[in-house]
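Q: The primary structure of each chain is shown beneath.
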Amino acid sequence: DQQVKQNSPSLSVQEGRISILNCDYTNSMFDYFLWYKKYPAEGPTFLISISSIKDKNEDGRFTVFLNKSAKHLSLHIVPSQPGDSAVYFCAAGGYQKVTFGTGTKLQVIP
Amino acid sequence: DAEITQSPRHKITETGRQVTLACHQTWNHNNMFWYRQDLGHGLRLIHYSYGVQDTNKGEVSDGYSVSRSNTEDLPLTLESAASSQTSVYFCASSPGVGTDTQYFGPGTRLTVL
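Those protein sequences? They're chains A and B, same order as listed.
In terms of the working numbering, the first sequence opens at residue 1 and continues consecutively.
In terms of the working numbering, the second sequence opens at residue 1 and continues consecutively.
Since the hints were derived computationally from the structure, they do not count as laboratory data.
Just to be clear, a hint being listed does not mean it is correct.
What the hints assert, rightly or not - List of simulated lysine-lysine pairs, DSSO-like, C-alpha gap at most 30 Å:
no., chain 1, residue 1, chain 2, residue 2
1, A, K71, B, K11
2, A, K68, B, K57
3, A, K71, B, K57
4, B, K11, A, K56
5, A, K97, A, K37
6, B, K11, A, K68
To be verified - If you want the ones that stay clear, here's a sample from chain A, every Cβ over 12 Å from chain B, calculated:
no., residue
7, L11
8, R17
9, N22
10, H72
For glycine and all other residues, C-beta sits at the position ideal for the given N, C-alpha and C.
Extracted from the complex, chain A is given alone in its bound form (with noise of 0.2 Å):
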């Protein structure tokens, strides 16, 4: 059972708009949320997070947003550069284990 979903396997956005990519969770007892990006042959790394107490965590150009009556949180990347063209993946956290998504891949065209 695929507690963090991300149902959006893919992701194109021209460069300087806005990229907004989503997940969903089924678990109310995850008390902190993550997002990392991931380019080809490397591994994953860290790219903001938010705690269950807020709605809302801004890091630059990137904010997470959460929604916890819905269960449901998104990344958001303004502007895109094509620099940002990778693989996120959400994952959400309780007890210093995380439950990871699936993975949205995200291409930010020129």
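Chain A is fixed; fit chain B onto it per the hints.
A: Below, chain B alone, put in the same frame as chain A:
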């Protein structure tokens, strides 16, 4: 600089052979994790450890084992490699405090023929 390394980066083996993938971190992190990445499944947890002598099974642990004899290393052993274990394997570590971020190694691509 502190880091996490994996070796080998690529490995081809035959069905039935025992294979060990190495993971070494220099952050002195308590927690270490092994994941496999497969298309359509994302990152799935194989085994994890919260400290020396501690090991725990993840969601896809069948056919794999780990041991933690020191803080820095968590080797992953495939007891008898199967074609279904062809995958990319990632090791990760985290400090083990609060809502801590995991730091990943570069991955090992394993092919079982």
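Q: Run every hint past the structure and note whether it holds.
A: These are the hints, each one checked on the structure:
1. A/K71 x B/K11: violated (40 Å)
2. A/K68 x B/K57: holds (29 Å)
3. A/K71 x B/K57: holds (27 Å)
4. B/K11 x A/K56: violated (42 Å)
5. A/K97 x A/K37: holds (18 Å)
6. B/K11 x A/K68: violated (42 Å)
7. L11: holds (16 Å)
8. R17: holds (26 Å)
9. N22: Check passes; 15 Å lies beyond 12 Å.
10. H72: holds (17 Å)
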